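There are 2 protein chains.
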Amino acid sequence: MKLAPLALAAATLAGGAHAQNEIIKTVATQAPDATETSPDGSLAVTVKTDDNARPVYSITRRGKLLVAPSRLGFIFTDAPKFERNIQIVSVTHDKADSTWTQPWGEWRQIRDNHREMRVRLRETTALHRIVDVVFHVEDSGVGFRYEFPEQPNFKHANIGDEMTQFALAEDGTAWWKPAFEWNREEYLYEKTPISAVGTAQTVMTVKLADGTHVALHEAALTDYSAMNLARAAGTTFRAALTPGSGAPKVTRDLPFNTPWRTMVIADDAPGLYMSHLELNLNEPNKLGDVSWIKPGKFVGVWWNMIKGEWTWATGPKHGATTANVKKYIDFASANKIPGVLVEGWNVGWDGDWFGNGNAMQFDQPTPDFDANELARYAKGKGVYLIGHNETGGSASHYDQQLDRAFKFAADHDEKVVKTGYVTDAGQIERVDADGSQHREWHEGQWMVNHYLRVVTTAAKYKVAIDSHEPVKDTGLRRTYPNWVAREGGRGQEYNAWIGGKNPPEHEANLVFTQMLGGPMDFTPGVLSLTGSEGSAIQSTVAKQLALYVALYSPVVMAADTPENYAKFPDAFTFIRDVPTDWEDTRVLNGEVGDFVTIARRPRTSRDWFLGSITDENGRTLTVPLDFLDAGRTYTAEIYRDAPNTDFKTEGRHAYAVETKRVRKGDTMTLVLAPGGGQAVRFRAR
Amino acid sequence: MKLAPLALAAATLAGGAHAQNEIIKTVATQAPDATETSPDGSLAVTVKTDDNARPVYSITRRGKLLVAPSRLGFIFTDAPKFERNIQIVSVTHDKADSTWTQPWGEWRQIRDNHREMRVRLRETTALHRIVDVVFHVEDSGVGFRYEFPEQPNFKHANIGDEMTQFALAEDGTAWWKPAFEWNREEYLYEKTPISAVGTAQTVMTVKLADGTHVALHEAALTDYSAMNLARAAGTTFRAALTPGSGAPKVTRDLPFNTPWRTMVIADDAPGLYMSHLELNLNEPNKLGDVSWIKPGKFVGVWWNMIKGEWTWATGPKHGATTANVKKYIDFASANKIPGVLVEGWNVGWDGDWFGNGNAMQFDQPTPDFDANELARYAKGKGVYLIGHNETGGSASHYDQQLDRAFKFAADHDEKVVKTGYVTDAGQIERVDADGSQHREWHEGQWMVNHYLRVVTTAAKYKVAIDSHEPVKDTGLRRTYPNWVAREGGRGQEYNAWIGGKNPPEHEANLVFTQMLGGPMDFTPGVLSLTGSEGSAIQSTVAKQLALYVALYSPVVMAADTPENYAKFPDAFTFIRDVPTDWEDTRVLNGEVGDFVTIARRPRTSRDWFLGSITDENGRTLTVPLDFLDAGRTYTAEIYRDAPNTDFKTEGRHAYAVETKRVRKGDTMTLVLAPGGGQAVRFRAR
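Chains A and B, in that order, give the protein sequences.
Quick note: the first sequence uses the UniProt record's numbering, first residue 1, plus one each step.
Quick note: the second sequence uses the UniProt record's numbering, first residue 1, plus one each step.
Keep in mind that the hints were calculated from the coordinates and are not lab data.
Keep in mind it's a predicted model, so treat the numbers as computed, not measured.
Accuracy of the hints is not assured; some may be wrong.
Facing chain A, a subset of chain B residues (Cβ under 7 Å, in silico) [stated by the list, open to error]:
hint, residue
1, Lys-81
2, Glu-190
3, Ser-195
All residues carry an ideal CB built from backbone N, CA and C; glycine is no exception.
This is chain A alone, in the form it adopts within the complex:
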């Protein structure tokens, strides 16, 4: 990738834009139209300047306009904006086709086959500032970012907001959750016309009138504020950066690059999931040897707390006692579940910690929690503990303890730590060295940096991080593979509470929205289907099992209690069997918010696992078993809804387990109950 001298000019202009080899176009006088296509030619991105000399980009798919001319640019809090009076001074093209390996993931091998176009924008007015826009175009979507190169008149950027637009060329349906509301990211998904979206968080997924699916998001969000999508009118969205406590939403010294703004584009919902654009736009692993990161399931001293039967605070109902935890260790060990999460184990929970975690001490266990003894006991049972650092949103207080928190975790063989930032949006406590107090947003630049500080500090101690109340996932697991999972949405915990139970469609929304960004710690497997005070969870037993395949995470909880699992020995077999790390993944069918069926092959066997889930509607899905190895016989161990199963009635508890012999080329019929699902292990013979 090189920038041509201006002299090259028109000579290389004609014709060559889509050639196989790297080509260079540069025009000194008349601004060129800059166009790049995807490797298969289906997607084309064009950058121009409009009548007001404002740069705009547009995208076509198979020749049809998908993204109408959309602005590029920035406003700053202390300098003129970069948007008008812009000239395209050079356009360079590049391409690459490579394959890389995930240390853990849904796929072992990831292909990155893309074309790239760098468009250099320069102001014609006094400052002559330069910003490059770089487009990365795959067959499955487009990413672009701004790159601010080193230059004489532009040393520091105080960004008030981005002017970046996404002008969808036609209306359709959008699945989205609102931005800037008090409860951070824990909202159910709205399904509305695109033209009725308010201000949305990303991932926002849309299905245009012509059936094309687009997932709007960002990749590689570091040292920048998270992007939301504000709809002005019609179907045009504008980047709306998350605020911080400071005047600019982003403050950076040049040179720097923004995160990638991404649009995954496909014919259908499964196609969105099968794209690797998000990961490809993140940088390779920066942690070196990461063999110490171990995907796996875990149980935990948690569901009884979230249900209100045990407490995080010390006292007669304290959950994290040495005796309780030993029972969970025994249970995990007996069922080959490697991890045991313990919450409420440390000093700081006694009092009002919501939004105020300044009493939390992440290396001081409560007196009834014998950390050394439990570490020893767990190790003897082949199990490790998962630590828990709940900050109550007091991020600076946590920053001050990071090293000793993770030293404590490492000293006690905790391979994963779950973090928490339970406070309302905009209420993160930041205290600077000078004692000044600030209130930050979970997804603002300061917190984006905080989360990564936690992850990289943890890596020094060989600890993996499962962030709750996190910044959204933008594929950074590629670069920092110890960032194994996040919450960042409505998990199963809502099903513990009397009010606000997740509706059956929720997980079929998650797969095609939030989880396009990365793994979610949803905590499936509540086979009792019962929250506090006996309240009914709107699911079926078979669906709880299917979630282990449908909702990908390298660390997955078996969220119910040992006592409850004892009541379902046959169903629990699937939870014991299902792995959390995959060689290959295929999304066999699906519609956003309606249903999805995913098949995955473990890294360690020739088996396949299948999970199929539906919304409030029962449905029958026919699945060709094309993913199986040719010539091999499999025993399908099927965990399915029974004929009378229905999430709305006591029949939700009904399920059936059966086996069937199948081969590649067979077709399987999945009968899903209303609110139900089906889980299958294809055991290779």
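Chain B: place on chain A using the hints.
Frame of chain A; chain B shown alone:
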């Protein structure tokens, strides 16, 4: 209005909430429901705390829920938010019924008949901060504001945003324009379901499914940032304050009050216009004697510029030459039009002034503009000049010149100065005393203060202000009567340009949206119906006349050129006759964005004037002449569309003038052409 000691408690709780006399309720333990009703009992506002001890208010109309429980509160950039753990510690009620006089306006007398409720909110947590919410309830709507009293633990508020919600209880239609877009306020109105609004500026007008009309806005916006309405999901809006260059959107020392958040509520669109809530919520005149403020029409050296035939810059096509201006003075004098606006008269226009007005000198005329001679000449003709200060958005540069700018205006007998801030949103140049550079928004706190600084400085010199690219109008003309008009929307100037002509519905939108906030300098009266290069304006001649009544402003331009007016002597008679100051106003009919008919009585005669305008649809309206004096005969001088008039064809130029004798009790039939209108003078005999 008093606050009771806490001891009074439950004794006064029962029953008295709606009594005629002032009553006081205070509850120390159980938070009371606080309710206030409008004088006629149709509207009721209730404040409670919800399960999370968050304060919410709701509004019913005739017993039906209109605004569902909606949050109240604030987030701060440097302190915990004020929203949870809130207790209602006292509720006081008050009422008043008075009438006050406008020095100029749509009505001379304004009745303010309201009930008031003050709800004191106090935190139960450490800081024990106190905020009062004060509701002002009229029959035509509700206003409320937050009052931050003096208190020990709360000396300064750095407001990140308001949590104030407006949860409309049902869907319907909304008329709105987008907030935070590049072009400030100059957008056409969107008409969408309420549930499809993005982020809207106020005034936003909605018509609920049951027909109820609500206009959401604010009143008395001073030393605070303007409020926009962000829709999260459904029909719930949240206050979204305009940003500034600083970290907080608003920064204030306690004690202070916010602007009033207003909801004008009516059965129909005319009912919205007839409300005086907006003005009643502003403070009385602070300027003392304002008899020097003279409402009136004006012509100007302008239309030929905006059309591109003359220039603001000096040179061969310079508009503001002594000779040209004398012609306009002659024309104004001959037609009893008191004002002559001149743009481009001062040093600073030669160069790129858009977004950069640092060359502007507001007391230095160009060499071809003899200011002293013109002032003398105008005075001799009974005419005054209207000054023009275009800042190009360089507000600090203007601040430095304010005194000499208005001294120059006063020295040259300019009774009005039109100001301008032509730059993109977020691009106002602010330079502090220390030389630091900032970029501000037109409607942020700093600019809100700037505009008022301009107005109060102008008042010292007895100069009135007509702000272009202003902050929106929130009724401050009551407090500062020299703030006579603003632009703040798409005016007729868009009709000068080839692209972007206003559609016929535009003015019927303006009346029931922006102009509920106050007078707009729309510049009607382009009888030639022709913009640059002969481009057609989407109007009829009769509609251009009708706009003088339909669109209220105390200063109104006759925007076309003297040469063009010479071609329409009969139609021009109406422009010569129509006054700009009114004793009484009646909105006879109307639907937002479709049509409106308004009758107004001048302050100086027994005449009435009527203006009726329609959108792209022709329509026949029947108007009972109930507003005329009983027993008096009137000659109706009618300026109407002809049978073949149509804005879409050359027929748009066709009109008819006729007279008719009418009396109170008669009915008049108005036949409006597509895109047309009708103007009537009822001359009292």
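Consistency of the hints with the structure:
1. Taking 7 Å as the C-beta cut-off, the interface hint given for B:Lys-81 holds, the closest approach to chain A being about 6 Å.
2. Evaluation of the B:Glu-190 hint against chain A yields a held restraint, the C-beta minimum of about 5 Å falling below 7 Å.
3. Interface restraint check for B:Ser-195: the shortest CB-CB distance to chain A comes to about 6 Å, inside 7 Å, so the restraint holds.
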